[in-house]
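Asks: Start from the sequences, fold in the hints, and give me the full structure.
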Amino acid sequence: MAALKEAMTPRYKTDANGELVPDIRAAAAIVFNPANGEVLWQENAQDKRSIASITKVMTAVVFLEDSPDLSREVTVERSDVYAASTTFLRANERLTLDNVLHLTLIASDNAAARVLARVSHGGAASFVERMNEKAVELGLESTTFADPSGLNPANVSSAYDLSRLITFASADERISPIMRMAQYSVATNRRTIPIHSTNRLLLGGDVDVMGGKTGFISKAGYCLATMLRLPQGNQVAVVILGARSNTGRFWETRHLFNWLSDKAGVLFGKTPEKQELVH
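Basically this note's numbering = 1-based index in the sequence shown + 246.
Bear in mind the hints are in silico, worked out from the structure with no lab data behind them.
Just so you know, these numbers come straight off a predicted model, no measurement behind them.
Every residue gets a Cβ at the ideal spot worked out from N, C-alpha and C, and that includes glycine.
One thing to keep in mind: the hints can contain errors.
Okay, the calculated beta carbon distance ranges per label pair [unchecked claim]:
#1 Gly264 <-> Tyr328: 33 to 39 Å
#2 Ala262 <-> Gly283: 17 to 23 Å
#3 Arg257 <-> Glu311: 37 to 43 Å
#4 Tyr258 <-> Arg340: 34 to 40 Å
#5 Gly385 <-> Pro477: 29 to 35 Å
#6 Pro477 <-> Glu375: 41 to 47 Å
Replies: Structure, rendered in structure tokens:
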């Protein structure tokens with residue numbers, strides 16, 4: 247209970263200008279304004295860290311670059327589910343690529359991410375190379391990918407890079423609606439699988455989530471990359487890396503959201519009519 251209370255209690259500190267700003271417990275974090283590329287607040291945002299399943303955001307981006315037929319059915323192979331840690335899938339099941347994509351982004355299904363890589367142009371062997379090429383194209387200088395699921399701790403990035411990646415992915419109308427789903431039903435040739443988002447911010451209704459992805463392995467800690475819309479209409483990318491607990495990553499994101507909402511007039515000026523995003 248003490249740890250939970252600590253995670254739910256916002257903390258502030260005084261910056262170099264004498265302003266009260268958030269003081270977080272996570273290892274690194276950032277608030278990024280995608281409209282102009284400005285960093286509104288950061289803590290160790292350039293540090294290179296393991297990112298766990300936030301990797302799946304790039305997996306989805308690269309998979310969709312080929313404009314695949316999402317109604318195509320694929321068969322799950324044993325290699326997809328072997329040592330997958332977190333998966334709803336079973337070998338020899340058949341399902342559409344659309345359902346595989348939903349499993350990847352909503353339930354953070356590791357086998358599903360492997361399926362996307364395997365059936366893509368060039369197959370699994372070249373998929374990670376394509377992920378790294380896309381990172382270079384997007385200017386993500388601290389980012390390197392090692393596998394499509396995020397299980398490999400060698401998937402690394404920075405809070406700054408991930409704020410730009412989640413901005414890019416949230417602008418894709420094939421990805422953003424999926425990342426906003428709190429729950430979904432996946433149909434295979436054998437059964438219907440109800441899945442729920444790993445992103446708890448979608449459950450509360452107090453934060454307007456435009457896109458987001460969780461991540462956790464022991465090397466990375468608890469991570470969360472989100473695109474949020476403030477009550478004033480401004481969109482911001484908020485990334486938390488290396489939080490101390492599952493609850494902590496969501497509460498620290500909420501704290502930053504509330505701080506931004508209170509400071510929006512100072513940070514953004516007038517409410518935008520339409521916000522163009524910088525990728």
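Asks: Take the hints in turn and mark each one as holding or not.
Replies: Okay, the hints, checked on the actual structure:
no.: 1; hint: Gly264 <-> Tyr328: 33 to 39 Å; result: 56 Å, violated
no.: 2; hint: Ala262 <-> Gly283: 17 to 23 Å; result: 22 Å, holds
no.: 3; hint: Arg257 <-> Glu311: 37 to 43 Å; result: 41 Å, holds
no.: 4; hint: Tyr258 <-> Arg340: 34 to 40 Å; result: 53 Å, violated
no.: 5; hint: Gly385 <-> Pro477: 29 to 35 Å; result: 31 Å, holds
no.: 6; hint: Pro477 <-> Glu375: 41 to 47 Å; result: 42 Å, holds
The structure shown violates the earlier hints numbered 1, 4.
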